[in-house]
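Use the sequences and the hints to build the structure in full.
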Amino acid sequence: MRHGRRRITWKGSLLVVGGVVAGCALVTTVPQETVVETPFVVEGAVGETLDLTYADLTVTEVRVADTLESFSEAAQAGGTFVVVDATWRATQGATSFVGAEITDAEGRTFWPTDQAGCSTSAKAQPGYAWHVTYCFDVPKDALAGATVRLARGGQTEEHAGQRRDAAGVVDLGISAEDAKTLWEATETVTTESPGYATARAEGSEE
Amino acid sequence: MTTLVTPAVPGPGQDPYPSLQPGGAPSLQPGLLPGSVPPDVPAAGRPRGWWRRNAVWLVLLPIAVVVTTAASSFRVWAFWWPDGVHYESQRVALGEPAHLASEYLDMGFDVPERANTYVLRELDATVTGVEKVDELPAPAYGMPVEIPEGSVAYEVQLHFAAEPQTDLSLCAIALVSDDGTRYGEAAPDVLGNSNRCLPDGADGFVSEQPEWDVSSFVLVDPDATIEQVRLSFGGPDYLAVELP
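In order, the protein sequences belong to chains A and B.
Heads up, the first sequence is in the numbering used here, so the first residue is 1 and it goes up one at a time.
Heads up, the second sequence is in the numbering used here, so the first residue is 1 and it goes up one at a time.
These are computed hints drawn from the structure, not numbers from a lab.
Where hints are given, some of them may not hold.
[To be verified] To give an idea of the chain B side of the interface with chain A (calculated C-beta under 7 Å), a few residues:
1. P148
2. T181
3. R182
4. E185
5. A186
6. W212
7. V214
8. S215
9. V220
10. D221
[To be verified] Interface residues of chain A toward chain B, partial, derived using beta-carbon atoms under 8 Å:
11. T91
12. Q92
13. G93
14. A94
15. Q125
16. G127
17. Y128
18. A129
19. P194
20. A197
Built from N, CA and C at the ideal position, the CB exists for glycine as well.
Put into structure tokens, the structure is as follows:
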């Protein structure tokens, strides 16, 4: 044992100080917010098909309604309902699509409602396109410039479920003037249950 | 390595033990009581190096690494391995029978005597044919289903042989294309059938006959090239049937 011979040396001090400096330099120079935790956001417009690697996503239609009706239930909006019709086509295997959220121009987020037959999530397998209707109850000032974000990962806890994974963000294409007209119109939308995309298209022609 | 600490040797003028004759015990070092053990005198020469001083811990370190790895490895079989269908236990050609045997925990839904016991599921499975079809048959329950636009349908024909009362729940029949896409792996299938390894309209999830045939329908992308059929019962192992 060399208890009596321990002493602070230049070499030892340099090692400790050097280690601390290197650690600080690494933390300050490497951008912590843009590491691979960030979701891979694929942006698009209504009608455009987005490739999210695990699925192809198309937002087919965006409507606004005061009242939603299904065969068993009717729902009245607190603000107004933004009804987003989308199709999912899984490309790898059976997939649950859990994330659905509207973000307005101010950055406020709105989560979907399950009233009147609206979906808050979807499940699909490769080999077919699956149609889903999402409904969001939003205030008047949230309409203009709003975007919808759909993904297989959930959006809770700051999009924790979407980390290192693709998410589709679609501009709903609502301008400030549109927002005024849409807010004043009193529309009723009859929701349809989820199903094969083409079967639904045939149904709506009747 | 305990070292006896002795008080500093007093000077010659301050002998604390005056009764002792100076020089009466010639082997005794100054400052030590008679009969006490003199402290280790460090051997002259080079001090022992860091590696020698820590030899015991250096030997123990790899052992500790092995022990901690083994202790945490239970997660592999407890959490990771059973999750999903990922282990190809057998590979056969189309038309070739495969003998499947795997243990599962029976909940006793269909056979109450087997509740909460581990049961060996043993069966012979043969994929006899995989072909594209133009329309889907009428389902056992519900409305007829049309093949959606932008999809094609395949019929997978299987032949099973097993002791009656063999549990076939969680049966999954998937088609795998050349790019690895798995079609139809989740229940229910396109006709709403969640019991795909038993004939249409079967009651419960256990077999009734010693041998039987089933047809399962799967929707597939029109441009996909199907290379393999996978049969599994909840995983993690599955049977791979190679298509010609």
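Looking at the structure, which of the earlier hints fail to hold? 6, 7, 8 and 19
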